[in-house]
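Trainee: Chain by chain, the residues run as shown.
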Amino acid sequence: METVADLAAALRARKLSSVELTEQTLTRIEAAQQALNAFITVDRDGALAAARAADAAIARGDAPPLAGIPIAHKDVLMTAGLRTTCGSRMLDNFTAPYDAHVVQGLKAAGTVLVGKTNMDEFAMGSSNETSWYGPVRNPWDTRYVPGGSSGGSAASVAARLVPAATGTDTGGSIRQPAALSGVCGLKPTYGICSRYGLIAFASSLDTPGPFARTAEDCALLLNAMAGHDARDSTSIDRPKEDYARKLRQAGGARPLEGLRIGLPREYFGDGVAPDVMSAMETVIADLRKLGATTVDVTLPAVKYSVPVYYVIAPAEASSNLSRFDGVRYGHRATQYRDLTDMYCKTRAEGFGAEVKRRILVGTYVLSHGYYDAYYLKAQQVRRLIADDFQRAFAQCEIILGPTAPTAAFELGAKTDDPVQMYLNDIFTIAGNLTGTPAISIPGGLSHQGLPIGLQLQANYFEEARLLEVAHRFQQATDWHRRAPAFAT
Amino acid sequence: MALTLEDIHRIAYLARIEIDAGAAAEVHAKLTAIFSMINELQAVDTTGIVPMSHAQDVALAMREDRVSEGDQHALYQSVAPAVEDGLYLVPRVIE
Chain A
1 METVADLAAA LRARKLSSVE LTEQTLTRIE AAQQALNAFI TVDRDGALAA
51 ARAADAAIAR GDAPPLAGIP IAHKDVLMTA GLRTTCGSRM LDNFTAPYDA
101 HVVQGLKAAG TVLVGKTNMD EFAMGSSNET SWYGPVRNPW DTRYVPGGSS
151 GGSAASVAAR LVPAATGTDT GGSIRQPAAL SGVCGLKPTY GICSRYGLIA
201 FASSLDTPGP FARTAEDCAL LLNAMAGHDA RDSTSIDRPK EDYARKLRQA
251 GGARPLEGLR IGLPREYFGD GVAPDVMSAM ETVIADLRKL GATTVDVTLP
301 AVKYSVPVYY VIAPAEASSN LSRFDGVRYG HRATQYRDLT DMYCKTRAEG
351 FGAEVKRRIL VGTYVLSHGY YDAYYLKAQQ VRRLIADDFQ RAFAQCEIIL
401 GPTAPTAAFE LGAKTDDPVQ MYLNDIFTIA GNLTGTPAIS IPGGLSHQGL
451 PIGLQLQANY FEEARLLEVA HRFQQATDWH RRAPAFAT
Chain B
1 MALTLEDIHR IAYLARIEID AGAAAEVHAK LTAIFSMINE LQAVDTTGIV
51 PMSHAQDVAL AMREDRVSEG DQHALYQSVA PAVEDGLYLV PRVIE
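Chains as they are written, first to last, in this note's numbering: chain A, 1 to 488; chain B, 1 to 95.
FYI, nobody ran anything at the bench for these hints, they're computed from the structure.
Glycine is no exception: its CB is placed at the ideal position from the N, C-alpha and C atoms.
Some clues are possibly wrong.
[What the hints assert, rightly or not] Pair by pair, the computed Cβ-Cβ distance ranges are:
id, chain 1, residue 1, chain 2, residue 2, range
1, A, ARG391, B, GLU84, 56 to 62 Å
2, B, ALA82, A, GLN249, 47 to 53 Å
3, B, SER68, A, ARG265, 47 to 53 Å
4, B, SER68, A, ASP338, 36 to 42 Å
5, B, ALA33, A, ASN93, 33 to 39 Å
6, A, ASP62, B, SER68, 25 to 31 Å
7, A, ALA35, B, HIS73, 39 to 45 Å
8, A, LYS240, B, TYR76, 40 to 46 Å
9, B, ASP85, A, ARG238, 41 to 47 Å
10, A, LYS240, B, GLU64, 39 to 45 Å
11, B, ALA33, A, ASP372, 49 to 55 Å
12, B, ASP71, A, SER233, 45 to 51 Å
Only chain A is shown next, with the shape it has when bound in the complex (with noise of 0.2 Å):
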């Protein structure tokens, strides 16, 4: 399958209609859906419907620039009249009654929404094994995980099932399964797109974002997803910009001349696995060809972005999941003795371990009496590492390193050691705590030949120059065109 915009290009011609598209797409969809469960709910009806007005629209000469496009998104995000369960036994009956902000977006853009993806329970997890629907499977290799917690939209754009995806991103979870699947993800500024009808996991952390095979992909996508929404109280009210427009610029043989690279010694350190540090100097040697230069920055307080996110992000968990509670939607027990029972045993069936866990460790740091110690210091650790980054970013545009200290693991390794689990978002989390942008890029292949990610990291609203980085290099070398065998 080609990207989108050699897509869009083609629908445009009348190469393809977006009916053959869409059919093509629903049948690849259904042939790997018992090897991968990448869906959850695949709406064949609705594509087909939205993929004869898209090729009416062509016909027209009206259509909007992403018209005909299958695209997925993950579960978390309202899609009105389609089912909406957040991987989660809680929502397995619930049918959103809206479309989230970003949906609006990216359907009034032309796509075509073929189903919704897989992910880890309420976006809690880093491998896509806590869903309710069973584990995604990595397409490079069944026997692995794709990441989480947007697995579903991650392996559904690596086995090339669709050409993009959404997905969200609260403590990594559109980068790492990026990173472990073999494509393209980014994580925008904190505020860019709204979170309206994204149910809610940690709102000072959830991020929409997009899934796609190169950078240039990812720019059309935020295009449409991106935009001030005032029913998003935290939505940042900026002027519209194309953040295509630096991608169309010619590159010449050096075109990141004067760019300066931030190596944050942290990012290079012991829990980091021999190939995915060797993967990492080659990537550097390429963008220094392409006329970037580097810096040794330090980045001392972000060691403790783990714990400070396991902090913050159950803590508003804890405070979001408690509209679950069987009265107005989902799941409810069906045997109770009281109100009290009832909600206690309706949370009990619906919610699975670890959102559970994580429901009661933001439950006790809110708890009375333990505020200060770990709420407030939380916070405090959080400005820490912001500053941090500010001091980093006096020093250069750009900050780059590993998305995750590791290639993919295999299924059923990190499971029952949530700590591990937790920590292979030890290079993401920051973007998240500090609300700055970050693209992960296919950045290499491991040992096992499974993909390695390259994290780019960039300042406040500075996404039109961290695509623009990542095109270059995509340009340069063909990291993001090599695809599983699965694909093929």
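Using the hints, position chain B against chain A.
Mentor: Below, chain B alone, put in the same frame as chain A:
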């Protein structure tokens, strides 16, 4: 600040999640491991540091106070476990 089994039962009740006696021991072990990782924060000197509650230091946006949504209670209640006459049904709380 060692977490006790009694704490597990207390916070489970606060969170309205039923945990049976058998599962409580495993939850206790996992939460103890998580808190030993979280407790690394106690080593950081945060004297005088202003807590950061959000990525953007912006004031909450205000919007005009006007009716923007029509009545959609039937749609919203169509996904509820039990409703009657436009009301959500719950077990009796007052005898």
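Trainee: Take the hints in turn and mark each one as holding or not.
Mentor: Hints, one by one, checked against the model:
| no. | hint | result |
| --- | --- | --- |
| 1 | A:ARG391 / B:GLU84: 56 to 62 Å | holds (60 Å) |
| 2 | B:ALA82 / A:GLN249: 47 to 53 Å | violated (59 Å) |
| 3 | B:SER68 / A:ARG265: 47 to 53 Å | holds (51 Å) |
| 4 | B:SER68 / A:ASP338: 36 to 42 Å | holds (38 Å) |
| 5 | B:ALA33 / A:ASN93: 33 to 39 Å | holds (34 Å) |
| 6 | A:ASP62 / B:SER68: 25 to 31 Å | holds (28 Å) |
| 7 | A:ALA35 / B:HIS73: 39 to 45 Å | holds (43 Å) |
| 8 | A:LYS240 / B:TYR76: 40 to 46 Å | violated (31 Å) |
| 9 | B:ASP85 / A:ARG238: 41 to 47 Å | holds (46 Å) |
| 10 | A:LYS240 / B:GLU64: 39 to 45 Å | violated (22 Å) |
| 11 | B:ALA33 / A:ASP372: 49 to 55 Å | violated (23 Å) |
| 12 | B:ASP71 / A:SER233: 45 to 51 Å | violated (24 Å) |
The structure is inconsistent with the numbered hints 2, 8, 10, 11 and 12, although it conforms to all the rest.
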